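Which chain is which? The protein sequence lines are U and F, in order.
Heads up: the first sequence at position 185 corresponds to 174 in our numbering, and the numbers run straight through without jumps.
Every position in the second sequence, counted from 1, becomes a number in our numbering once 337 is added.
Think of the hints as simulated: they come from the structure by calculation, not from any bench.
Small disclaimer: the values here were computed from a predicted structure and weren't measured.
Worth double-checking, as some hints may not be accurate.
Below, in silico cross-link-like pairs of lysine to any residue (SDA-like), each with a Cα-Cα straight-line distance of 25 Å or less [what the hints assert, rightly or not]: (1) U/95 to F/403; (2) F/397 to U/169; (3) F/397 to U/61; (4) U/95 to F/417; (5) U/95 to F/346; (6) F/397 to U/106; (7) F/397 to U/69; (8) F/397 to U/86; (9) F/397 to U/179; (10) F/397 to F/417; (11) U/95 to F/406; (12) F/397 to U/165; (13) F/397 to U/107.
Here are the in silico distance ranges between beta carbons for each label pair [as the list claims (entries may be wrong)]: (14) U/9 to F/375: 51 to 59 Å; (15) F/371 to U/144: 48 to 56 Å; (16) U/174 to F/357: 41 to 49 Å; (17) U/118 to F/407: 26 to 34 Å; (18) F/385 to U/85: 15 to 23 Å; (19) U/159 to F/358: 44 to 52 Å; (20) U/81 to F/417: 40 to 48 Å; (21) U/83 to F/376: 46 to 54 Å; (22) F/361 to U/81: 38 to 46 Å; (23) F/407 to U/81: 23 to 31 Å; (24) U/177 to F/364: 35 to 43 Å; (25) U/82 to F/364: 17 to 25 Å; (26) U/106 to F/359: 16 to 24 Å.
Coverage of chain F stretches by chain U, computed from C-beta distances (three or more under 8 Å per stretch; other residues unrestricted) [claimed, not checked]: (27) 351 to 358; (28) 364 to 375.
Cβ atoms here follow ideal geometry from the backbone N, Cα and C, with glycine treated the same way.
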Amino acid sequence: MLLGLATAGIVLSALVWELSRPKVAVRVMRARARAREGHGLFGSSRGGARELDYDPGRERRAEQRARELLRSCVNEHEWSMYRDLGFLRVYGRSGERYAYLIYPHKPIVSYVPRTGALLSEYCVAFPDHSRPYGSARLPDSDDVLAKWMALRADERRLIADANMHLPGRQVDPQRVRRDLQRLARWEHEQAGGGAAAARERAVA
Amino acid sequence: MRFLRLKPGYGEIVLAEGDVEVAEQERALIEAFRRELDAGMWAAVPTETSDGRREAELVKSFAEVPRDAERVIFFPRAAGGAR
């Protein structure tokens, strides 16, 4: 009797295992795939323990640091321009005959300050192929700083390295014209503010 | 003198720091400089002219870095963007 029950139990267990084996195999495969995806997106395995690197505040803190560095490199007028308008205007090496607008992660736009005519778009990027945290993109303000340094240091080289297009390829010309109007108003206010402050100082 | 590197997800990080007048520290700076250029970085030195204008200078060797420079900023080499 006991032997018969034991034999029946073994046979039943074998039957259940055979029936459930495909489902178990599929679940194991899915779990491994999920683990691989998690490894690629969020972290790396170090010392056998999976470290979770994903941090939603990282980009914000990186941008905060980048803004401080940019501020320490450009002059006060340029910093205020970037802070208030979101882009930098840099004159060309040959004086004020032409200038560039530097946007974060957008092409550099050249134009004629006297007429506002748009000249070209220069598509340039500074990809970090080491891809820390999965991205090759610098924080916005670091991208602006890299463009600013490269333009100030070696305008011709940067322009030669860039892909040149007619205006409108990536940056909407209407937006650029609006930005130029904003810049003109902003500079007018800055000049007015400076004059008003000087008058106040003189009165005081 | 401090070596900074612009890095995705970080902002800048400090790669090396040292006094160029101390031989051992200068050697460490030179090594760090070479390492970054070998990794394909550009190196720029932010400067200020006598009239207060802010500029930057791209340098290709440690010898080109002004001795009194406070920092050298490394950043990925420029590449043409979207075609």
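Do the hints match the structure? See the list:
Taking the CA atoms of residue 95 of chain U and residue 403 of chain F, the gap is about 32 Å. The hint is violated against a cut of 25 Å. Between residue 397 of chain F and residue 169 of chain U the alpha-carbon distance is near 35 Å, which puts this suggested pair outside the 25 Å criterion. At most 25 Å may separate the alpha-carbon atoms for a hinted pair to count; residue 397 of chain F and residue 61 of chain U meet this at roughly 23 Å. Among the hinted pairs, residue 95 of chain U with residue 417 of chain F is consistent with the structure: their alpha-carbon atoms are about 12 Å apart, no more than 25 Å.
Restraint check: the Cα-Cα separation between residue 95 of chain U and residue 346 of chain F comes to about 19 Å, which is no more than 25 Å; the hinted pair holds. A C-alpha spacing of about 36 Å is found between residue 397 of chain F and residue 106 of chain U, which places the hinted pair above 25 Å, so the restraint is violated. For the hint linking residue 397 of chain F to residue 69 of chain U, the alpha-carbon distance of about 31 Å lies beyond 25 Å, and the restraint is violated. Simply put, residue 397 of chain F and residue 86 of chain U have alpha-carbon atoms about 30 Å apart, too far for the 25 Å limit, and the pair is violated.
With a C-alpha separation of about 38 Å, the suggested pairing of residue 397 of chain F with residue 179 of chain U is violated against the 25 Å cut-off. The hinted pair formed by residue 397 of chain F and residue 417 of chain F meets the criterion: a straight-line CA distance of about 20 Å does not exceed 25 Å. With a C-alpha separation of about 31 Å, the suggested pair residue 95 of chain U and residue 406 of chain F falls outside the 25 Å cut-off, and the hint is violated. For a cut-off of 25 Å, the pair hint linking residue 397 of chain F to residue 165 of chain U is broken: about 35 Å separates their Cα positions.
The hinted pair formed by residue 397 of chain F and residue 107 of chain U fails the criterion: a straight-line CA distance of about 33 Å is larger than 25 Å. The supplied range of 51 to 59 Å is met by residue 9 of chain U and residue 375 of chain F, whose beta-carbon atoms lie about 56 Å from each other. At about 27 Å, the CB distance of residue 371 of chain F to residue 144 of chain U disagrees with the hint of 48 to 56 Å. Remark: the range hint 41 to 49 Å for residue 174 of chain U to residue 357 of chain F is upheld by a beta-carbon distance near 46 Å.
For residue 118 of chain U and residue 407 of chain F, the hinted distance range of 26 to 34 Å is satisfied, since their beta carbons lie about 28 Å from each other. For residue 385 of chain F and residue 85 of chain U, the Cβ-Cβ distance of about 21 Å falls inside the hinted range of 15 to 23 Å, so the restraint holds. Distance hint check: the CB atoms of residue 159 of chain U and residue 358 of chain F are about 48 Å apart, consistent with the given range 44 to 52 Å. Look at residue 81 of chain U against residue 417 of chain F: about 20 Å separates their beta carbons, and that is not inside 40 to 48 Å.
A C-beta distance of roughly 34 Å is found between residue 83 of chain U and residue 376 of chain F, which places it outside the suggested range of 46 to 54 Å. About 43 Å separates the C-beta atoms of residue 361 of chain F and residue 81 of chain U, a value consistent with the hinted range of 38 to 46 Å. In this structure the supplied range 23 to 31 Å holds for residue 407 of chain F paired with residue 81 of chain U, their Cβ-Cβ distance being about 28 Å. Distance hint check for residue 177 of chain U and residue 364 of chain F: the Cβ-Cβ separation is about 53 Å, which falls outside the suggested range of 35 to 43 Å.
Between residue 82 of chain U and residue 364 of chain F, the C-beta spacing of about 36 Å breaks the proposed range 17 to 25 Å. Taking 16 to 24 Å as the suggested C-beta distance range, the pair residue 106 of chain U and residue 359 of chain F does not conform, at roughly 54 Å. Coverage of the stretch 351 to 358 of chain F by chain U is violated in this model, with 0 residues showing a Cβ closer than 8 Å to a Cβ of that chain against a need of three. A stretch counts as covered by a chain when three or more of its residues have a beta carbon under 8 Å from one of that chain; for the stretch 364 to 375 of chain F and chain U the count is 0, and the coverage is violated.
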